[in-house]
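Kindly generate the complete structure, drawing on both the sequences and the hints.
Going down the list, the protein sequences come from chains A and B.
Residue numbering for the first sequence follows the numbering used here, beginning at 1 and increasing consecutively.
Residue numbering for the second sequence follows the numbering used here, beginning at 399 and increasing consecutively.
To be clear, the hints were calculated from the coordinates, so they are not data collected in a lab.
Since no wrong hints were added, every one of them can be taken at face value.
Computed far set for chain A versus chain B, every beta-carbon distance over 10 Å:
id: 1; residue: 1
id: 2; residue: 67
id: 3; residue: 88
id: 4; residue: 169
id: 5; residue: 263
id: 6; residue: 339
Under the rule of at most 30 Å between Cα atoms (straight-line distance), these lysine-lysine pairs were calculated in the DSSO-like manner:
id: 7; chain 1: A; residue 1: 149; chain 2: B; residue 2: 453
id: 8; chain 1: B; residue 1: 453; chain 2: A; residue 2: 80
id: 9; chain 1: A; residue 1: 80; chain 2: A; residue 2: 149
id: 10; chain 1: A; residue 1: 345; chain 2: B; residue 2: 453
id: 11; chain 1: A; residue 1: 345; chain 2: A; residue 2: 80
id: 12; chain 1: A; residue 1: 345; chain 2: A; residue 2: 149
Where a beta carbon is used, it is the ideal one built from N, C-alpha and C, also for glycine.
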Amino acid sequence: MSRFLFVVPPFTGHVNPTIGVALELRARGHDVAWAGVPGATEALLPEGSTFLSAVPDEVAAYVAEAGERRDDARGAAGFKFLQEEVLLPLAEHMVDGVDAAIDAFGADVLIVDQQALGGAVVARRRGIPWATSATTSAELVDPLAALPKVAEDMHRRRVDLQRAHGVPAEVAEAGDLRLSPQVVLAYTVEELTGSLAGTPAGEVPVRFVGPCAVGRPEPTDFPWERLSEDPAVPNVLVSLGTLNAEVGERFWLAAAEAFADQPWVGVFVAPDHLVPDPPPNVIVARRVPQLELLPRVRAVVSHAGHNTVCETLAAGRPLVVAPIRDDQPVVADQVVRAGAAVRVKFARVRADALRTAVDQALTDPGLLAAAERIQASFAAAGGPAGAADALEALVPVT
Amino acid sequence: MPETVTPESVLAELETILTEVIGDDLLLDGPLTMETSFDQDLQLESIEFVALSEKLLETYGEQVDFVGWLAEMELDDIIALTVGQLVDFVASNASSASSTSGREA
Numbered sequence: 001m002s003r004f005l006f007v008v009p010p011f012t013g014h015v016n017p018t019i020g021v022a023l024e025l026r027a028r029g030h031d032v033a034w035a036g037v038p039g040a041t042e043a044l045l046p047e048g049s050t051f052l053s054a055v056p057d058e059v060a061a062y063v064a065e066a067g068e069r070r071d072d073a074r075g076a077a078g079f080k081f082l083q084e085e086v087l088l089p090l091a092e093h094m095v096d097g098v099d100a101a102i103d104a105f106g107a108d109v110l111i112v113d114q115q116a117l118g119g120a121v122v123a124r125r126r127g128i129p130w131a132t133s134a135t136t137s138a139e140l141v142d143p144l145a146a147l148p149k150v151a152e153d154m155h156r157r158r159v160d161l162q163r164a165h166g167v168p169a170e171v172a173e174a175g176d177l178r179l180s181p182q183v184v185l186a187y188t189v190e191e192l193t194g195s196l197a198g199t200p201a202g203e204v205p206v207r208f209v210g211p212c213a214v215g216r217p218e219p220t221d222f223p224w225e226r227l228s229e230d231p232a233v234p235n236v237l238v239s240l241g242t243l244n245a246e247v248g249e250r251f252w253l254a255a256a257e258a259f260a261d262q263p264w265v266g267v268f269v270a271p272d273h274l275v276p277d278p279p280p281n282v283i284v285a286r287r288v289p290q291l292e293l294l295p296r297v298r299a300v301v302s303h304a305g306h307n308t309v310c311e312t313l314a315a316g317r318p319l320v321v322a323p324i325r326d327d328q329p330v331v332a333d334q335v336v337r338a339g340a341a342v343r344v345k346f347a348r349v350r351a352d353a354l355r356t357a358v359d360q361a362l363t364d365p366g367l368l369a370a371a372e373r374i375q376a377s378f379a380a381a382g383g384p385a386g387a388a389d390a391l392e393a394l395v396p397v398t
Numbered sequence: 399m400p401e402t403v404t405p406e407s408v409l410a411e412l413e414t415i416l417t418e419v420i421g422d423d424l425l426l427d428g429p430l431t432m433e434t435s436f437d438q439d440l441q442l443e444s445i446e447f448v449a450l451s452e453k454l455l456e457t458y459g460e461q462v463d464f465v466g467w468l469a470e471m472e473l474d475d476i477i478a479l480t481v482g483q484l485v486d487f488v489a490s491n492a493s494s495a496s497s498t499s500g501r502e503a
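Quick look at the structure:
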C-alpha cells in the first residue's frame with residue numbers, strides 16, 4: 001500500500017480527472033489525498049475524501065477574487081493575467097502548504113497539476129517521485145512555439161520560483177517544471193493532440209490515458225421529463241463551462257435565438273438572468289448532471305474546455321466549439337482537426353451561424369463517425385486503470 | 399504582390415485578409431483602423447494568426463516575414479499589437495523589396 005497526494009488548483013476541470021484516478025488507486029488498496037485551495041477544491045471532491053489545505057484562507061479568497069476580475073481578459077492579455085496574477089502567485093503560496101501536507105499525509109508519490117506548480121517545486125526540492133497531471137492537452141502541444149521570447153520568459157519565471165524555494169540551480173534549470181521527467185498523465189489521446197515529437201513534451205514519457213472524470217460528484221436535480229424522447233427531435237447540450245457562463249451574455253442571447261422554432265431541445269447550462277426569455281424548447285439550468293446527460297443528447301455546443309470536449313467525445317457525440325480563452329482555442333483546434341467538431345467564433349457569434357453549426361453537428365455523418373472513432377480510442381487508452389499503473393510504477397522500492 | 403505598396407493600400411488589403419480569416423462579421427464593430435488592436439479589439443486567436451501569416455505570405459511574398467517579426471515579440475508587445483504596426487511593417491518591408499527588385503530590373 002502506498003500514499004498518493006494530488007496537488008491541484010481550485011478549478012473544476014483540473015480536479016475532475018484526478019477523481020477517477022484516485023478512486024482507482026483507492027480500489028487497489030492505496031491511500032489518496034488532495035492538497036490545494038480550501039473551499040473551492042473540497043467542494044469538487046467525493047464525500048469522504050481526504051483534503052489538506054495548502055494555502056491560508058486569504059490566498060483562497062485572493063484566487064477567488066482574481067477569477068472574477070479575469071472575466072474580461074481574453075487572448076494574450078488573458079494569458080498574462082492568468083500567469084502573473086493567478087498561477088504564479090498560487091504556486092508561490094502553495095509551496096509551504098504542500099510541504100506540510102506531504103509530512104502530514106506521508107506521501108510516497110505526488111501527482112501535480114500543470115497549474116499547481118508549487119507541488120512540483122516541493123517534489124524537486126525533496127526528491128519525491130512525481131507525475132504531472134496534464135488536465136488540458138494545450139500545455140502538452142507547445143502553444144508558445146511561435147513566440148519563443150514569451151516561452152523563454154515563462155520558463156525563466158518558473159526557474160526563479162524554484163530557486164526562491166531552495167531548488168538547486170542545476171535541478172531548477174533542467175527540463176520543464178510543467179512536465180515531470182518521470183511521467184506525464186495526459187487525459188486525452190494522440191489522435192487529438194497530434195504527435196508531440198519536437199515539442200518539450202516529446203522529451204518526457206507521456207502516458208495517454210483518455211478521460212478519467214468518472215465517479216465525480218454531479219448534481220442530481222434535473223428536469224428529465226423536459227428532454228425529448230423523440231429521435232426526430234434531438235437533445236442538444238449547450239455549456240460554456242463552470243468559469244465562463246457569465247461572460248457569455250451575447251452568446252446566450254444568440255443561442256436562444258438559434259434554438260427558437262428548431263426541432264431540437266436545448267439544455268443551456270447558464271444562469272437564468274442571461275437567458276431571460278428562453279424559447280419553450282430550451283431548458284435553462286445553472287448546473288446539470290453532465291455525465292448522466294451526455295448519453296441522452298446528440299450534440300454538444302461547448303466553449304471547448306478540455307473536460308467537456310473529452311466527456312462529449314467519450315460519449316461519441318460531435319461538437320460545436322466556441323472557444324473563449326486560455327487553452328480553449330488550442331483544444332478547439334484539436335477536435336476540429338480530428339473531424340469531430342464545427343467551430344464558431346465566440347466573440348461574434350450570430351444566431352444564424354450557430355443554428356447552421358448545430359444543424360451540421362446533428363446531421364453530418366462525417367462528424368459523427370469521427371466522434372465515434374475518438375470514443376473508441378478513448379475506450380482503448382486505459383483510463384483510470386492505465387493512470388494508476390503508471391503511478392504505481394513511481395513508488396520507490398523500499 | 400500589389401503594384402504599389404503604401405500604408406493605405408496595405409490597410410485596405412489587410413481588411414480583406416482579416417475578413418477572410420475572421421469572417422465577414424469582422425466589421426460589425428466598425429471599420430478597421432490603424433488603432434485597431436489584434437488582442438483586445440479583434441480578439442485574434444493563435445490559429446487566426448497562423449492563417450493571417452499565410453495570407454500575408456501569399457500576398458506580399460517572403461520579404462514580409464510576419465512569423466519572424468512576431469517571434470521577436472514579448473508578451474506585452476503581443477497584447478499591444480495594432481493594425482497600424484502591422485501596416486507599417488508590411489509597407490516598409492514590401493516596398494524596400496520592390497525597390498530592390500526594381501533596381502535589378
